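> If you're matching them up, the sequences are chains A and B in order.
So for the first sequence, numbering that gives the first Met the number 0 puts the first residue at 0; every next one is plus one.
So for the second sequence, numbering that gives the first Met the number 0 puts the first residue at 0; every next one is plus one.
Check each hint, because a few of them may be wrong.
Said to hold, decoys possible - Label pairs and their calculated CB-CB ranges: (1) S2/B - A26/A: 25 to 31 angstroms; (2) I136/A - L20/B: 37 to 43 angstroms; (3) I144/A - E48/B: 31 to 37 angstroms; (4) A119/A - A49/B: 56 to 62 angstroms; (5) G115/A - S2/B: 24 to 30 angstroms; (6) Q180/A - L4/B: 24 to 30 angstroms; (7) A182/A - L23/B: 24 to 30 angstroms; (8) R31/B - H193/A: 25 to 31 angstroms; (9) H21/A - L59/B: 40 to 46 angstroms; (10) A119/A - E48/B: 28 to 34 angstroms.
What the hints assert, rightly or not - BS3-like, lysine-lysine: derived pairs with alpha carbons at most 30 angstroms apart: (11) K232/A - K67/B; (12) K34/B - K67/B; (13) K82/A - K45/B; (14) K74/B - K56/B.
Think of the hints as simulated: they come from the structure by calculation, not from any bench.
Nothing here was measured: the structure is a model prediction, and the numbers come from that model.
Here a beta-carbon is modelled for each residue, glycine too, at the ideal position from N, C-alpha and C.
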Amino acid sequence: MFNFLSNSNIFIWIEKLINFIHSIFFALLLAALSFALIFSPPDYLQGDSVRIMYVHVPAAWIGLASFSCIALLSILNFIFRVKNLTLITKSIAPIGLMFTCIAIVTGSIWGQPTWGTFWAWDARITSMVILALFYFIIIASHKLISEEAKANKISSIIAAIGLINIPIIKYSVEWWSTLHQPASIKITGTSTIHSSMLMPLLLMFLVLIMYCALIFLMKYKTEIIRIKKKNLKRYD
Amino acid sequence: MISNLIFMNGYGVFVWASFALTFLVCAVVYYRTSKTLKKYEKEFAKEIEALSTEQKKVVLEKSKVASKVFSSFNKTI
């Protein structure tokens with residue numbers, strides 16, 4: 000029934016998707032950079048420093064979304080024991096760590112002209128650092144524990160514990176008095192960002208999501224080959 | 000126009016540093032991921048090549064992944 004989910008079929012789809020993303024990526028990147036750096040207006044209060052938002056915010060979204068995805072898939076894996084889910088979580092983790100670090104560093108750079116300091120142990124920033132640590136532990140457990148089943152189990156438990164941090168990051172700006180501004184874009188409720196800034200932001204988010212998809216597919220493909228390579232040893 | 004784009008009223012160093020860092024990290028990760036993938040493909044294709052004719056036939060018939068990797072590796076050499 001789930002034959003279409005076999006590694007062989009997934010492998011063929013991955014190749015098609017990688018080619019598709021390669022074909023449109025650079026045109027989209029060029030458009031996103033043009034809007035972010037040239038066509039979007041400066042902020043009335045922050046001036047041109049607001050342009051940092053076009054990399055900082057999508058990076059933070061991706062960092063949070065990747066971890067939520069890893070945690071949920073880990074929980075599903077506990078219940079259903081699907082091997083592909085482990086491969087997916089293992090492939091997403093480095094991407095999530097990378098974007099979480101980008102969000103922290105670009106946020107720090109943005110902090111200097113806006114708050115007058117590169118760093119503050121503010122609730123939002125600290126909870127993002129904790130998120131990066133969770134990512135780091137998950138990746139380290141895969142690298143350091145040689146027994147695959149044990150590494151998967153430990154990383155899944157860490158991911159499930161780390162899920163508690165996600166709402167803390169989201170609501171940190173409301174629960175505590177922080178330097179970080181509250182969210183300007185709300186899924187439920189009215190957003191306080193002008194469309195001239197929202198459009199480039201969403202375009203850059205799309206570009207970075209496509210980049211993530213590309214890296215994820217390449218990592219997933221590598222994992223499939225690694226498994227097939229291991230299976231090939233049976234013929235020796 | 001150009002100097003405005005570069006200096007951005009004094010914020011240029013912050014904006015350009017953020018963008019440069021983001022895309023530099025992205026480029027490095029892309030390069031490393033692509034390199035690892037190619038390395039695995041190459042090793043896998045070489046291991047298939049090293050099998051006996053009979054074993055190779057069985058592997059290539061049974062596994063779509065093996066036949067895909069093996070044929071694309073043979074195309075590149």
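> Each hint: holds or not?
Against the structure, the hints come out as follows:
Between S2/B and A26/A the Cβ separation comes to about 28 angstroms, which falls inside the hinted range of 25 to 31 angstroms. Here the CB-CB span from I136/A to L20/B is close to 24 angstroms, at odds with the stated 37 to 43 angstroms. Between I144/A and E48/B the Cβ separation comes to about 32 angstroms, which falls inside the hinted range of 31 to 37 angstroms. A C-beta distance of roughly 58 angstroms is found between A119/A and A49/B, which places it inside the suggested range of 56 to 62 angstroms.
The given range of 24 to 30 angstroms is respected by G115/A and S2/B, whose C-beta atoms sit roughly 26 angstroms from each other. For Q180/A paired with L4/B, a C-beta distance near 26 angstroms keeps the hint of 24 to 30 angstroms intact. Checked against the hint of 24 to 30 angstroms, the pair A182/A and L23/B passes, with Cβ atoms roughly 28 angstroms apart. Between R31/B and H193/A, the C-beta spacing of about 38 angstroms breaks the proposed range 25 to 31 angstroms.
Evaluation of the 40 to 46 angstroms hint for H21/A and L59/B yields a failure: the beta carbon distance comes to about 27 angstroms. Taken as a hint, the range 28 to 34 angstroms is violated for the pair A119/A and E48/B, whose Cβ atoms sit roughly 58 angstroms apart. Among the hinted pairs, K232/A with K67/B is consistent with the structure: their alpha-carbon atoms are about 18 angstroms apart, no more than 30 angstroms. A threshold of 30 angstroms between alpha carbons decides the hint, and for K34/B with K67/B the separation of about 18 angstroms falls inside it, so the pair holds.
Our distance criterion of 30 angstroms between C-alpha atoms is met by K82/A and K45/B, whose separation comes to about 26 angstroms. Of the pairs offered as hints, the one joining K74/B and K56/B holds, with about 18 angstroms between alpha carbons and a cut-off of 30 angstroms not exceeded.
Of the numbered hints listed earlier, those contradicted by the structure are 2, 8, 9, 10.
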